[in-house]
Amino acid sequence: MDLPVPDDVPDNLKKRPMSTEKQHISTNTSHAVVLIILLSLTAISVSMAELHLGALSVAVALIVASIKGTTVLTYFMHLKYESLFFKIMVGGVFVMYLLIIIFLFFDYSFR
Amino acid sequence: MSYSKNIAPSEHHDYLGSKMGMWIFIFTELFLFGGLFLVYAVFRSQYATDFHKAAEETNTFIGTLNTIVLLISSMTVAMSITAIQNNQKGRAIRLLLMTLLLALVFMVNKYFEWGHKFDLKLYPGSQVLTNLPKGELLFFGLYFMMTGLHALHVLVGMILLTLTIFRIKSGRVHAANFSLIENSGLYWHLVDLIWIFLFPMMYLIT
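Chains as they are written, first to last, in my numbering: chain F, 1 to 111; chain C, 112 to 317.
Note that these hints are calculated values from the structure, not bench results. Check before you lean on any hint, since a few could be wrong.
[Said to hold, decoys possible] Examples of chain C residues toward chain F, derived with CB under 10 Å:
id : residue
1  : Met131
2  : Leu141
3  : Phe142
4  : Met186
5  : Phe310
[Unchecked claim] Distance condition first, Cα-Cα at most 27 Å in a straight line; then the derived DSS-like pairs of lysine-lysine:
id : chain 1 : residue 1 : chain 2 : residue 2
6  : C       : Lys221    : F       : Lys80
7  : C       : Lys200    : F       : Lys80
8  : C       : Lys164    : C       : Lys200
A virtual CB, placed ideally from N, CA and C, is assigned to each residue, including glycine.
With the sequences and hints as input, model every part of the structure.
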């Protein structure tokens, strides 16, 4: 019994089982470039901390950390090449966390 | 009967579902540490001078060294996934072994860092620590709690990566089925991601 695939099944369903779905393969060069960027940002953040900028140092440290975190999520964790669904999911979690921080400090500042 | 030959249930593998499950688990981890970050932020704003004084006690050199070690280890994991996708089994294993070595370096540094604190009688519940001003006590409490919980994650990551090495050797992880190495990789990057935020909080901002 040989069951033919009907003609009206779209091509991408015919020959794309989940496990063999085409994957984006990052190159070793791109991994190395990402590492160099992350190490440079670390150097910036450490040298800025040594300048003792006071209240500004907290802001600088957190901004640099956020850039580093985004770089890790985008390239090492491969989000750049994932479907929109993954991007929305991860983005949504960070937006939710940001809202929690905002509400928490509203609460603390006005009590 | 070619129909039954075409369907091989034992080989079914939900690649997308497995990755999505890993991400959802990562979200729970982010909120676990995220909660502690909030505690830190609130206490830091309440005891600014105490936190400033206590943060100067942490060793910025070891902190920076461990940041570099973890960043490099994240790259070796990412490279090993590339190797598996390109069918380079030996290279993938070597890169994972390098990652394990870097993880070990991280833990050894942590041992010396914590050991030095213990020598100064700074450990949870110690007489010296409980006599410190309230804000400094809170800082060290968070320091041991957060870096300790993070170190626990490094250990779990090392176990996961070791398991992955064995699965690659036995041929169960390969170019057409690399969910395990990808998910272990995601976990390892999470460990790195958390450290990226812990590092300035504990070592840089004084």
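Status of each hint after checking the structure:
no.	hint	result
1	Met131	holds (8 Å)
2	Leu141	holds (6 Å)
3	Phe142	holds (7 Å)
4	Met186	holds (4 Å)
5	Phe310	holds (7 Å)
6	Lys221(C) with Lys80(F)	violated (33 Å)
7	Lys200(C) with Lys80(F)	holds (25 Å)
8	Lys164(C) with Lys200(C)	violated (50 Å)
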